[in-house]
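Asks: Here the sequence shown is numbered in the working numbering, starting from 42 and rising by one per residue.
Hints are supplied without guarantee of correctness; some may be wrong.
As the list claims (entries may be wrong) - Cβ pair distances, simulated, as ranges:
id: 1; residue 1: H165; residue 2: L141; range: 31 to 39 Å
id: 2; residue 1: R84; residue 2: F64; range: 16 to 24 Å
id: 3; residue 1: E47; residue 2: K158; range: 26 to 34 Å
id: 4; residue 1: A119; residue 2: R145; range: 30 to 38 Å
id: 5; residue 1: A120; residue 2: A152; range: 30 to 38 Å
id: 6; residue 1: A76; residue 2: Y164; range: 22 to 30 Å
id: 7; residue 1: D57; residue 2: Y114; range: 16 to 24 Å
id: 8; residue 1: M42; residue 2: S163; range: 27 to 35 Å
id: 9; residue 1: D86; residue 2: R65; range: 23 to 31 Å
FYI, nobody ran anything at the bench for these hints, they're computed from the structure.
No experiment lies behind these values; they were computed from the predicted model shown.
For every residue, glycine included, the Cβ atom is placed at its ideal position computed from N, Cα and C.
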Amino acid sequence: MISIEEYRRIISELIDELPEVFFRKLSGGVIVSEATAVPDYARGDDLYTMGQYQVSSGMRQIIMFKGSFDRVYPQADAAEARALLRGVLRHEFRHHLESLGGVRNSSSLEAEDVREKQAYLSYHDS
């Protein structure tokens, strides 16, 4: 399991890979939380939120949950963590960019997330 310091360093380096324009109107920035985040619709100990894009009272931010990462990938070393976190962080930035652009259609990431949630619930409710 990587330390919180290593997690923060990796997130910081991954942020540095992104173009400055991605941060437009991301007024709350990228926050690292040590929390373990579980969606309210989870049916067991099998679903964790690794990252979350939030818009609240005009503030936009991305939260990265180290506790969730540790639960899902307890054996990840720094190189594995970097690859996995790159995907999570870019997923959240796609939410941000689509939100800024007003993209809300069947091919949006938001719609994809809804489909994945429905598939998860369908699997667990059957």
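Asks: Decide, hint by hint, whether the structure agrees.
Replies: Here is how each hint holds up against the structure:
1. H165 with L141: 31 to 39 Å: Given a distance of about 33 Å, which is inside 31 to 39 Å, the answer is holds.
2. R84 with F64: 16 to 24 Å: 36 Å, violated
3. E47 with K158: 26 to 34 Å: 31 Å, holds
4. A119 with R145: 30 to 38 Å: 37 Å, holds
5. A120 with A152: 30 to 38 Å: 33 Å, holds
6. A76 with Y164: 22 to 30 Å: 26 Å, holds
7. D57 with Y114: 16 to 24 Å: This hint holds: roughly 22 Å between Cβ atoms.
8. M42 with S163: 27 to 35 Å: 33 Å, holds
9. D86 with R65: 23 to 31 Å: 38 Å, violated
In this structure, the hints that do not hold are numbers 2, 9, in rising order.
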